Structures are given as structure tokens and as C-alpha cells.
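With the sequences and hints as input, model every part of the structure.
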Amino acid sequence: VRLGTALPDWTGLPLGERLRRSFRCPVLVENDANAAAVAEHWKGAATESDDVVFVLAGLSPGAGSLIGGRLHRG
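Each residue of the sequence shown is one higher than the one before, counting from 1172 in the numbering used here.
To be clear, the hints were calculated from the coordinates, so they are not data collected in a lab. Since we're looking at a predicted model, the values are computed, not measured. Each residue gets a CB set at the ideal place from its N, CA and C atoms; glycine is no exception. Keep in mind that the hints are not guaranteed to be accurate.
Said to hold, decoys possible - Restraint ranges, calculated between C-beta atoms of paired labels, are given here:
#1 R1192 / V1226: 31 to 41 angstroms
#2 S1193 / I1238: 29 to 39 angstroms
#3 D1222 / S1193: 29 to 39 angstroms
#4 H1243 / P1197: 20 to 30 angstroms
#5 G1175 / A1234: 29 to 39 angstroms
See below:
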């Protein structure tokens, strides 16, 4: 966890590694906006679009984008 805005004690926590050890399977940790964009494309309002921008306005604003159905980071 790079920055735990809502959970400040989680900042710096190696969450992915801990989950990999606990569940003994591959784990991908993603930020909330990117995860939401992927979820909307998979099962939500954006199922019929491969180009998606999801804007998250909350405690820690952010955005996730898919181009051609693939998540773009940065």
C-alpha cells in the first residue's frame, strides 16, 4: 500500500505479499479507481464499451481508464 488515505496505518504495508503467502496464489493489488473501472467494464455500466474512464470523487479522488478494453496506468 503506497498511501492509505482512509487507513493511514496501512501506508507501506506489503499487502500483496501478505495475501500471496496467506492464500498461496498469485495476487494483484490495484488502486480503487482502476479496480472500479475494470469492474464497470466487466459487469457494470460499461460492459458494451472498450474505452472507459471512471472518475472516483471521494476521500481520495482518482480515475481509472481502459483503452481497447485494457487497463492503462499512470
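Now the hints, each set against the structure:
1. R1192 / V1226: 31 to 41 angstroms: The hinted range 31 to 41 angstroms holds for R1192 and V1226, with Cβ atoms some 34 angstroms apart.
2. S1193 / I1238: 29 to 39 angstroms: Roughly 34 angstroms apart at Cβ, these two residues keep to the hinted range, so it holds.
3. D1222 / S1193: 29 to 39 angstroms: Given about 36 angstroms between the Cβ atoms, the range holds.
4. H1243 / P1197: 20 to 30 angstroms: holds (21 angstroms)
5. G1175 / A1234: 29 to 39 angstroms: At 19 angstroms between Cβs, range violated.
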